[in-house]
Amino acid sequence: MDQLDVVNLRMGDRGHTDTPLEAALETLMSLRAEGLIRHLGVSNVTQTQVARARAVADIVCVQNLYNIAARDDDPLVDTCAHAGIAYVPFFPVGGFQPLTAEHLTTVAGRLGATVPQVALAWLLARSPNIVLIPGTSSLAHLEQNIAAGQLQLTDDDLAQLGA
9 MDQLDVVNLR
19 MGDRGHTDTP
29 LEAALETLMS
39 LRAEGLIRHL
49 GVSNVTQTQV
59 ARARAVADIV
69 CVQNLYNIAA
79 RDDDPLVDTC
89 AHAGIAYVPF
99 FPVGGFQPLT
109 AEHLTTVAGR
119 LGATVPQVAL
129 AWLLARSPNI
139 VLIPGTSSLA
149 HLEQNIAAGQ
159 LQLTDDDLAQ
169 LGA
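Note that the working numbering has the sequence shown beginning at 9, numbered continuously upward.
Note that these hints are calculated values from the structure, not bench results.
Since the model is a prediction, treat every value here as computed from it, not as a measurement.
Just so it is clear, CB atoms sit at the ideal spot from N, CA and C, and this is done for glycine as well.
Check before you lean on any hint, since a few could be wrong.
Have a look at the derived ranges for each label pair, beta carbon to beta carbon [said to hold, decoys possible]: (1) 113 to 41: 47 to 57 Å; (2) 34 to 162: 44 to 54 Å; (3) 146 to 109: 23 to 33 Å.
All chains, please: the whole structure from these sequences, using the hints.
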C-alpha cells in the first residue's frame with residue numbers, strides 16, 4: 009500500500025501553532041467533506057478550546073496529558089464523558105518520569121501486578137470514555153499492558169489511589 013484512501017481520525021494539535029483553532033478545524037472539515045478524513049479530534053487543548061472546537065465541528069476524541077499523578081484534566085475528562093467524546097490520555101504511566109508512589113506500590117503488591125498496570129487500571133476505572141494507547145517496547149511489555157485491563161480495583165484500592 010502506497011497511500012491510504014482515508015484517514016480514520018485526524019487530531020488537531022494545539023501545542024505549537026499560531027493558526028486559530030476554528031481555522032484549523034475548518035480546513036480539516038473540508039478534507040472530511042471530501043471523504044479524506046473520517047473523524048476529527050483535538051490534542052493539547054483546554055476545556056475552553058474543546059468547547060470552541062465543538063461549536064464548529066463534531067469532535068470525537070480529545071488527547072491530553074493525563075495520568076494518576078497528573079489530574080489537571082479531571083473536569084475535561086468528565087465533560088468529554090458527558091458528551092460521548094473519547095478521552096485518550098498521553099503518558100498514561102508517566103512518560104519520561106515513570107510513576108512511583110507508595111500507594112501505587114502497595115496496591116500493585118496486593119494485586120500481584122506492576123505499578124504501570126495499576127496506573128492503567130486506575131485510568132480504565134476513572135471513566136468509561138477513557139481509551140488507552142500505552143506505549144510498548146516488547147511483546148512482554150505489551151502483554152503486561154493488556155493484562156492491566158483485567159485488574160479489578162476495589163473501592164478501597166481507588167480510595168487509596170486517591171480516586
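Hints versus structure:
The given range of 47 to 57 Å is respected by residue 113 and residue 41, whose C-beta atoms sit roughly 51 Å from each other. The hint said 44 to 54 Å for the Cβ distance between residue 34 and residue 162, and at roughly 47 Å that hint holds. The hinted range of 23 to 33 Å is satisfied by residue 146 and residue 109, whose Cβ atoms lie roughly 25 Å apart.
Checked against the numbered hints above, the structure breaks none of them.
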